[in-house]
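With chain G fixed as given, assemble chain Z onto it according to the hints.
Protein chains: 2
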Amino acid sequence: MSLSSQRTGRFLSDHELDGFLLLGDSLCNLDIYYLSRFLAPDRFALLAASSISILVSSMEQGRAKKESDAGEVVSTSDYDVMAKLARFNRPEDAYIEVLKEFLQDRNIKRLGVPGDFPVRVYQGLEADFDISVLDSPVSEWRKVKTIEEIEAIKSSQRACEEAMRVAIEMISNTRPSGEFLIFEGEPLTSEKVKSAIDVSLLERGCEAQDTIVAGGANAADPHCSGTGPLPANSPIVIDIFPRSKGSRYFADMTRTVLRGEADPEIVEIYQAVLEAQDAGIAAVRAGTTGKEVHAKVCEVFEERGYVEREGRGFIHSTGHGVGLEIHEMPSLSEVGKTLEEGNVVTVEPGLYYPNLNGVRLEDLVVVRKGGCDNLTNLEKRFIL
Amino acid sequence: MSLSSQRTGRFLSDHELDGFLLLGDSLCNLDIYYLSRFLAPDRFALLAASSISILVSSMEQGRAKKESDAGEVVSTSDYDVMAKLARFNRPEDAYIEVLKEFLQDRNIKRLGVPGDFPVRVYQGLEADFDISVLDSPVSEWRKVKTIEEIEAIKSSQRACEEAMRVAIEMISNTRPSGEFLIFEGEPLTSEKVKSAIDVSLLERGCEAQDTIVAGGANAADPHCSGTGPLPANSPIVIDIFPRSKGSRYFADMTRTVLRGEADPEIVEIYQAVLEAQDAGIAAVRAGTTGKEVHAKVCEVFEERGYVEREGRGFIHSTGHGVGLEIHEMPSLSEVGKTLEEGNVVTVEPGLYYPNLNGVRLEDLVVVRKGGCDNLTNLEKRFIL
Numbered sequence: 001m002s003l004s005s006q007r008t009g010r011f012l013s014d015h016e017l018d019g020f021l022l023l024g025d026s027l028c029n030l031d032i033y034y035l036s037r038f039l040a041p042d043r044f045a046l047l048a049a050s051s052i053s054i055l056v057s058s059m060e061q062g063r064a065k066k067e068s069d070a071g072e073v074v075s076t077s078d079y080d081v082m083a084k085l086a087r088f089n090r091p092e093d094a095y096i097e098v099l100k101e102f103l104q105d106r107n108i109k110r111l112g113v114p115g116d117f118p119v120r121v122y123q124g125l126e127a128d129f130d131i132s133v134l135d136s137p138v139s140e141w142r143k144v145k146t147i148e149e150i151e152a153i154k155s156s157q158r159a160c161e162e163a164m165r166v167a168i169e170m171i172s173n174t175r176p177s178g179e180f181l182i183f184e185g186e187p188l189t190s191e192k193v194k195s196a197i198d199v200s201l202l203e204r205g206c207e208a209q210d211t212i213v214a215g216g217a218n219a220a221d222p223h224c225s226g227t228g229p230l231p232a233n234s235p236i237v238i239d240i241f242p243r244s245k246g247s248r249y250f251a252d253m254t255r256t257v258l259r260g261e262a263d264p265e266i267v268e269i270y271q272a273v274l275e276a277q278d279a280g281i282a283a284v285r286a287g288t289t290g291k292e293v294h295a296k297v298c299e300v301f302e303e304r305g306y307v308e309r310e311g312r313g314f315i316h317s318t319g320h321g322v323g324l325e326i327h328e329m330p331s332l333s334e335v336g337k338t339l340e341e342g343n344v345v346t347v348e349p350g351l352y353y354p355n356l357n358g359v360r361l362e363d364l365v366v367v368r369k370g371g372c373d374n375l376t377n378l379e380k381r382f383i384l
Numbered sequence: 001m002s003l004s005s006q007r008t009g010r011f012l013s014d015h016e017l018d019g020f021l022l023l024g025d026s027l028c029n030l031d032i033y034y035l036s037r038f039l040a041p042d043r044f045a046l047l048a049a050s051s052i053s054i055l056v057s058s059m060e061q062g063r064a065k066k067e068s069d070a071g072e073v074v075s076t077s078d079y080d081v082m083a084k085l086a087r088f089n090r091p092e093d094a095y096i097e098v099l100k101e102f103l104q105d106r107n108i109k110r111l112g113v114p115g116d117f118p119v120r121v122y123q124g125l126e127a128d129f130d131i132s133v134l135d136s137p138v139s140e141w142r143k144v145k146t147i148e149e150i151e152a153i154k155s156s157q158r159a160c161e162e163a164m165r166v167a168i169e170m171i172s173n174t175r176p177s178g179e180f181l182i183f184e185g186e187p188l189t190s191e192k193v194k195s196a197i198d199v200s201l202l203e204r205g206c207e208a209q210d211t212i213v214a215g216g217a218n219a220a221d222p223h224c225s226g227t228g229p230l231p232a233n234s235p236i237v238i239d240i241f242p243r244s245k246g247s248r249y250f251a252d253m254t255r256t257v258l259r260g261e262a263d264p265e266i267v268e269i270y271q272a273v274l275e276a277q278d279a280g281i282a283a284v285r286a287g288t289t290g291k292e293v294h295a296k297v298c299e300v301f302e303e304r305g306y307v308e309r310e311g312r313g314f315i316h317s318t319g320h321g322v323g324l325e326i327h328e329m330p331s332l333s334e335v336g337k338t339l340e341e342g343n344v345v346t347v348e349p350g351l352y353y354p355n356l357n358g359v360r361l362e363d364l365v366v367v368r369k370g371g372c373d374n375l376t377n378l379e380k381r382f383i384l
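Going line by line, the protein sequences match chains G and Z. Everything in the first sequence is counted per the working numbering, starting at 1 for the first residue and increasing by one. Everything in the second sequence is counted per the working numbering, starting at 1 for the first residue and increasing by one.
Okay, chain G solo, but in the shape it has when bound (with noise of 0.2 Å):
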């Protein structure tokens, strides 16, 4: 009996229920792409019971039967979803009566839905079947990786290393005049560097959505990914979050750089930010609590004077948990829970002030007994 299917078992008879269904498109659900291995653009359902089945369309079931791994791959064509939605008006209530039929033909009576399944079909199934909604199993399973996950984070994690190397590389060769950087004759903008990492990540067979390459005031705003030209003697933060295209799994990583004068206050907040990422990474271990381990990094800003005050400062969460999604449990947070062996989560302390700009730096670590194993390879090295 496999991990997945003992799991299930038991969160069945403990919530009392013939089975759990997840409704939705698995590249956005995640915990769909989890129990099925089955990555398609157009929602499906996912029934777990004494086995994984899915409903697809017709057109999928055979991609679905090669690459899933549900022990069953049903088509809605096996329920005539064509004559139902000549029947019905609204080609949802079409696609509820074939959920019904699927869903009766195994038996199922009392059924469990996540919190994000959606209404309308909730309410469409709620006469005929007994139905609790409950926080997903899944996302709880999600947090402990097995050594496959684990690999396929790392191999992620070392796509987005040489991609961050090809960064810095380029910030290093430029030449600092005025206020910009000189590249190849003309100021360096993120948007270049930007598209050399994406050209580096996509050799490695990654994607990046979203990559930060901020300098100047854009990088006192964490979640700014940067625009024009990069600023001489002052922070640039690179953050680069890369997913397989293959396996899916993420990585993440940040480095703030400075090519130039340094102003020695900015070389402060530098080391305090290293200085707290250390006493974070330090404090992570299988039994602590993200909470704790926040409070730490917390501590050494308080103990350098690094207040948070009015969106200055230390001002978001320490870390987050990584896999199938960049932000995923644990959080290492003011709320953040206890951590167990397997959780990959992000170490990533940053002062931001508006007239200084940004600093950030973010490791990959998995919790293990006593400590932590850090999946980042990278130096750290600011001044460039």
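Don't take each hint at face value.
[Unchecked claim] Computed cross-link-like contacts, BS3-like style, restricted to lysine-lysine with a CA-CA straight-line distance of at most 25 Å:
id: 1; chain 1: Z; residue 1: 296; chain 2: G; residue 2: 84
id: 2; chain 1: G; residue 1: 154; chain 2: Z; residue 2: 192
id: 3; chain 1: G; residue 1: 66; chain 2: Z; residue 2: 192
id: 4; chain 1: Z; residue 1: 66; chain 2: G; residue 2: 296
id: 5; chain 1: G; residue 1: 245; chain 2: Z; residue 2: 245
id: 6; chain 1: G; residue 1: 84; chain 2: G; residue 2: 109
id: 7; chain 1: Z; residue 1: 192; chain 2: G; residue 2: 337
id: 8; chain 1: Z; residue 1: 109; chain 2: Z; residue 2: 84
id: 9; chain 1: G; residue 1: 65; chain 2: G; residue 2: 100
id: 10; chain 1: Z; residue 1: 245; chain 2: G; residue 2: 192
id: 11; chain 1: G; residue 1: 154; chain 2: G; residue 2: 380
id: 12; chain 1: G; residue 1: 84; chain 2: Z; residue 2: 337
id: 13; chain 1: G; residue 1: 84; chain 2: Z; residue 2: 291
id: 14; chain 1: G; residue 1: 143; chain 2: G; residue 2: 296
id: 15; chain 1: G; residue 1: 192; chain 2: Z; residue 2: 66
id: 16; chain 1: Z; residue 1: 192; chain 2: G; residue 2: 245
id: 17; chain 1: G; residue 1: 245; chain 2: G; residue 2: 66
id: 18; chain 1: Z; residue 1: 84; chain 2: G; residue 2: 291
Bear in mind the hints are in silico, worked out from the structure with no lab data behind them.
Just chain Z now, kept in the frame of chain G:
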């Protein structure tokens, strides 16, 4: 008054609502992106009332104010989310409290939500608001593209064409040898062609999730993306559907090519698909239905003796809308509704036979009064 607020006003008054609430991340929930033009990987709430208000995390507030079209950007910190997280056992319950206060502050009593609204939040709000679950009007609005949207799609289609040219050029430059195509001394693989497509798309600011380069038995499965050496003397289906990273709009195009000697039967199949596509494109105009266009395509196949049977022949619909999603409304299929001026749809008939493999041709057109504009410039050449 903008078109968006006019439409919203009409929808709310038609349904006697004070507001319509959407919840999700705008990478996956394109209705939210459409109304806010704020791209965020983490969930946020959007209320369409007299204007558009969005409720984001404090970390996203600065960026949202800069980047989004929303009339108002509010942060969960404005509703003390941290205090609520400490008070409630489940983060979702704290979030529901924040949402309640956000809605009450805006005098919302009668609330509309779309069918895909998450059931847990729906249940959390049910006691305090009079909620109606309604078909989202936004997906309807999104069907008719503005001039700017059509330009964005066109620009993605130009990138798509360039990538298609690169792929076809690569296949042209092979030497058929036995069952394979030899390129630079080695059998040319799907992976190699896809990689060249990806690089070409990236150079034009586009990305593609699941490019299809499928030959041999792979080509007979319309959704199989293809792996391994490409066959000589046999059709290769190339289907590219990139999204612009900037505008977020998709394009979509398919060509089928054959390098080497073609069996007369497959040439006839190609001719039938080409003729069916011509008939489909000729049938597209404002006022006709997607069902009628699909029927015209089926007619050509039937006249030529290609009848769908047991998963062989023309096993999918004629086309689908393209915009912020790769598959959106309207559809050209048995359930296709009336087409309107400004709809953007694919016309993509195909024939699939496991022994002979598959052929598909796909253009992207804008529905006009009395006809359509084809956004696809690339020629159709079968035998290379």
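Here is how each hint holds up against the structure:
At roughly 23 Å between alpha-carbon atoms, residue 296/Z and residue 84/G fall within 25 Å of each other, so this suggested pair holds. A hinted pair counts as satisfied when its Cα atoms are at most 25 Å apart, and residue 154/G with residue 192/Z qualifies at roughly 24 Å. For the suggested pair residue 66/G and residue 192/Z, the alpha carbons sit about 22 Å apart, so the restraint of at most 25 Å is met. As the CA atoms of residue 66/Z and residue 296/G are separated by approximately 33 Å, the hinted pair breaks the 25 Å bound.
Between residue 245/G and residue 245/Z, the direct Cα distance comes to roughly 16 Å. Compliance with the 25 Å bound is thereby established for this hinted pair. A hinted pair counts as satisfied when its Cα atoms are at most 25 Å apart, and residue 84/G with residue 109/G qualifies at roughly 22 Å. A distance of roughly 45 Å separates the Cα atoms of residue 192/Z and residue 337/G; the hinted pair therefore is violated under the 25 Å criterion. The hinted pair formed by residue 109/Z and residue 84/Z meets the criterion: a straight-line CA distance of about 23 Å does not exceed 25 Å.
Of the supplied pair hints, the one linking residue 65/G and residue 100/G holds, its CA atoms being roughly 22 Å apart against a limit of 25 Å. Between residue 245/Z and residue 192/G, the direct Cα distance comes to roughly 15 Å. Compliance with the 25 Å bound is thereby established for this hinted pair. For the given pair, residue 154/G sits about 18 Å from residue 380/G by alpha-carbon distance, which is consistent with the 25 Å threshold. Between residue 84/G and residue 337/Z the CA atoms are separated by roughly 16 Å; this keeps the pair inside 25 Å, and the hint holds.
Of the pairs offered as hints, the one joining residue 84/G and residue 291/Z holds, with about 16 Å between alpha carbons and a cut-off of 25 Å not exceeded. The straight-line distance between the Cα atoms of residue 143/G and residue 296/G is roughly 22 Å, inside the 25 Å bound, and the hint therefore holds. This hinted pair checks out: residue 192/G and residue 66/Z have alpha carbons roughly 22 Å apart, not beyond 25 Å. In summary, the hint linking residue 192/Z to residue 245/G is supported, as the alpha carbons are separated by about 15 Å, within the 25 Å threshold.
Distance check on the hinted pair: residue 245/G and residue 66/G sit about 18 Å apart at the alpha-carbon level, within 25 Å; holds. With a C-alpha separation of about 16 Å, the suggested pair residue 84/Z and residue 291/G falls inside the 25 Å cut-off, and the hint holds.
The earlier numbered hints that this structure contradicts are 4, 7.
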